[in-house]
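Starting from the known structure of chain A, arrange chain B on it as the hints suggest.
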Amino acid sequence: MPIVVKGLSFAYSKGTPFEKKALDCVDVEISDGQFIGIMGHTGSGKSTFIQHLNGLIKVQSGEIDVDGIHLTSARRPKPDYKKLRSTVGMVFQYPEYQLFDETVIKDVAFGPKNLGLSKEEAFARAAEALRLVGLDPDEIGERAPFELSGGQKRRVAIAGVIAMRPKILILDEPTAGLDPYGKEQIMSLICRLKRECSPTVIVISHDMDEITRYADRLIVFSEGRVAFDMPMQELFKHGQELEAIGLELPSCVSIADNLRLKGIELGDDIVNMDGLAKAVVKAARERGIECGDIASVRWYGEEGE
Amino acid sequence: MRDVAFGQYYPVSSPIHRLDPRLKIVFTLLYVVTMFFVSSYTAYAVILIFLLALCGFSHIPPSAMFKSIKGIIILLILTSVLNLFFYGGETSVVWQWWIFKISPEAIDSALKLMLRLILLIMGTTMLTFTTGATELTDGIESLLKPLNLIKIPVRDLAIIMSIALRFIPILIDETDKITMAQKSRGADFDSGNIFKRAKALLPVLIPLFVGAFRKADELADALDARCYNASPKRTRMKKITFAVRDLIALIVFAALVAFVFLDKYLIGGADTYIVKLFNIIVEFFKGL
Numbered sequence: 001m002p003i004v005v006k007g008l009s010f011a012y013s014k015g016t017p018f019e020k021k022a023l024d025c026v027d028v029e030i031s032d033g034q035f036i037g038i039m040g041h042t043g044s045g046k047s048t049f050i051q052h053l054n055g056l057i058k059v060q061s062g063e064i065d066v067d068g069i070h071l072t073s074a075r076r077p078k079p080d081y082k083k084l085r086s087t088v089g090m091v092f093q094y095p096e097y098q099l100f101d102e103t104v105i106k107d108v109a110f111g112p113k114n115l116g117l118s119k120e121e122a123f124a125r126a127a128e129a130l131r132l133v134g135l136d137p138d139e140i141g142e143r144a145p146f147e148l149s150g151g152q153k154r155r156v157a158i159a160g161v162i163a164m165r166p167k168i169l170i171l172d173e174p175t176a177g178l179d180p181y182g183k184e185q186i187m188s189l190i191c192r193l194k195r196e197c198s199p200t201v202i203v204i205s206h207d208m209d210e211i212t213r214y215a216d217r218l219i220v221f222s223e224g225r226v227a228f229d230m231p232m233q234e235l236f237k238h239g240q241e242l243e244a245i246g247l248e249l250p251s252c253v254s255i256a257d258n259l260r261l262k263g264i265e266l267g268d269d270i271v272n273m274d275g276l277a278k279a280v281v282k283a284a285r286e287r288g289i290e291c292g293d294i295a296s297v298r299w300y301g302e303e304g305e
Numbered sequence: 306m307r308d309v310a311f312g313q314y315y316p317v318s319s320p321i322h323r324l325d326p327r328l329k330i331v332f333t334l335l336y337v338v339t340m341f342f343v344s345s346y347t348a349y350a351v352i353l354i355f356l357l358a359l360c361g362f363s364h365i366p367p368s369a370m371f372k373s374i375k376g377i378i379i380l381l382i383l384t385s386v387l388n389l390f391f392y393g394g395e396t397s398v399v400w401q402w403w404i405f406k407i408s409p410e411a412i413d414s415a416l417k418l419m420l421r422l423i424l425l426i427m428g429t430t431m432l433t434f435t436t437g438a439t440e441l442t443d444g445i446e447s448l449l450k451p452l453n454l455i456k457i458p459v460r461d462l463a464i465i466m467s468i469a470l471r472f473i474p475i476l477i478d479e480t481d482k483i484t485m486a487q488k489s490r491g492a493d494f495d496s497g498n499i500f501k502r503a504k505a506l507l508p509v510l511i512p513l514f515v516g517a518f519r520k521a522d523e524l525a526d527a528l529d530a531r532c533y534n535a536s537p538k539r540t541r542m543k544k545i546t547f548a549v550r551d552l553i554a555l556i557v558f559a560a561l562v563a564f565v566f567l568d569k570y571l572i573g574g575a576d577t578y579i580v581k582l583f584n585i586i587v588e589f590f591k592g593l
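Chains as they are written, first to last, in my numbering: chain A, 1 to 305; chain B, 306 to 593.
Hints were generated in silico from the structure; no laboratory data involved.
Take these hints with a grain of salt, some might be off.
Simulated restraints, written as ranges between beta carbons of each label pair [what the hints assert, rightly or not]:
#, chain 1, residue 1, chain 2, residue 2, range
1, A, Pro180, B, Ser447, 48 to 58 Å
2, B, Leu510, A, Lys58, 21 to 31 Å
3, A, Pro199, B, Arg323, 52 to 62 Å
4, A, Lys20, B, Arg531, 49 to 59 Å
5, B, Asp478, A, Lys78, 23 to 33 Å
6, B, Asn534, A, Tyr12, 33 to 43 Å
Taking lysine-lysine pairs in the BS3-like style, the calculated list, with each CA pair at most 27 Å apart, reads [as the list claims (entries may be wrong)]:
#, chain 1, residue 1, chain 2, residue 2
7, A, Lys119, B, Lys504
8, B, Lys504, A, Lys83
9, B, Lys482, A, Lys83
10, B, Lys372, A, Lys58
11, B, Lys450, B, Lys544
12, A, Lys58, B, Lys504
13, A, Lys106, B, Lys504
14, A, Lys119, B, Lys372
15, A, Lys78, B, Lys501
16, A, Lys183, B, Lys482
Cβ coordinates follow ideal geometry from the N, Cα and C atoms, glycine included.
Isolated chain A, as found in the complex (with noise of 0.2 Å):
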């Protein structure tokens, strides 16, 4: 089942004079199995719009469809928060800063033992969750959170969330403060997740080369509307309109659009680094250079994907 948002509003502190809006008459539709990536400025309303989909945020006027489970304004019937929660796996930013428990499986194993799960249920999901993002349970499952390496503490942070085996995964900001080859290796975790345990995912993100590489589409949001919900490549045409609201154009469509003006036309598609290379290599083939051929561009140390 696809999540339904319509008409959300939301306003902070309602009601005094520090009322903020957050959010305006917001309308989304995100079917199953998509990549979302959600950009907009700071204070743009994306974070708020994300913990709507948890419950986390009580819905002030709008609808909210997660699954079939239906969140509104009315107090009464209250939602199932504890199957919305196991559906929509949030993983906030900065996530490992909310570790706690003595040892890591432990404190994987926290979200499962919420959901009811017994005991040795719950240690079974926690570990095969640590395993999902590449860590040995049996090798740091004992270990106490607090002396893991930065990037470790992050995924195990993402295992206590995927450990509740969540279909829609949301993240926020997952690579904040990692270099590029923790953001590298955070991004693929991410679509190996996509593929093996949640479906649907939504991230995030302040960084356009990053997100144009995985996501399927982009929804911007700018003051609290959804400025921009389309295919990313009629997206990068409004490249104006996206540096108005404060962010800019994917790298790879500058290079594009500069090559263009020198003459060189990539066509009109290029959303990514990915695609960038593959058009300059036939580009460069069209006027009789030789060059090899480039499957996927390499990052830093994929891990073989």
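Quick look at chain B alone, frame taken from chain A:
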């Protein structure tokens, strides 16, 4: 949690915001002391009017001031209920059941206690509403300067205090974030008995403390990086000066304190006179 008003600065420009912070600190201390000498409802009313006027002059909506009570509401109810039933003084009992007694004196004392607490919190909140952390530190430092003579590191104490104040909203924000994260992992803070609930708070408290220590470390490094302790003599960008408006504030505040003490020791509580006056007026109209 976001609605907790205590300890927050209300960033507007007003004559009260521009008052000498030293004066405001001294006023607040005197205010707290004075509150314990308030003996009549009239005086409570006068203080409430004073606070409302203060709101007016400082461009702070009174609702923001009233919100500050939210944090002590349980304390308020508890103390006034205890006072109501277990008043220790001489009583003319009207109603009694087992060990519970209610008397007019008890009601009087419970009401006054409640008013005292409410006005205390509201008054002290006005200090943090109208005084930024830097001013507050500068004010405290300036006031405690004499202690330097007996080798007490006043400057360090002042910065410790201001950092503590500054960290309150940050930690509240952090608590919000961590609570949300644990909720989305299915944590349940709202059901079960008191022990279960206390245990449910651990996943919030542990990351909160770890984060607080980390932030403290980072802050210490930042202070070092800016050579905080390098020079024994530090100058400041804004010098605190005593202006005409400070003099006016001094007079008004002195009048308030004087009224409270006169009311207690000379008049013996203005309430009786007001009741008398009211009776005379009623008699007068009856006579017509």
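> Which numbered hints turn out to be false for this structure?
Replying inline: 4 and 14
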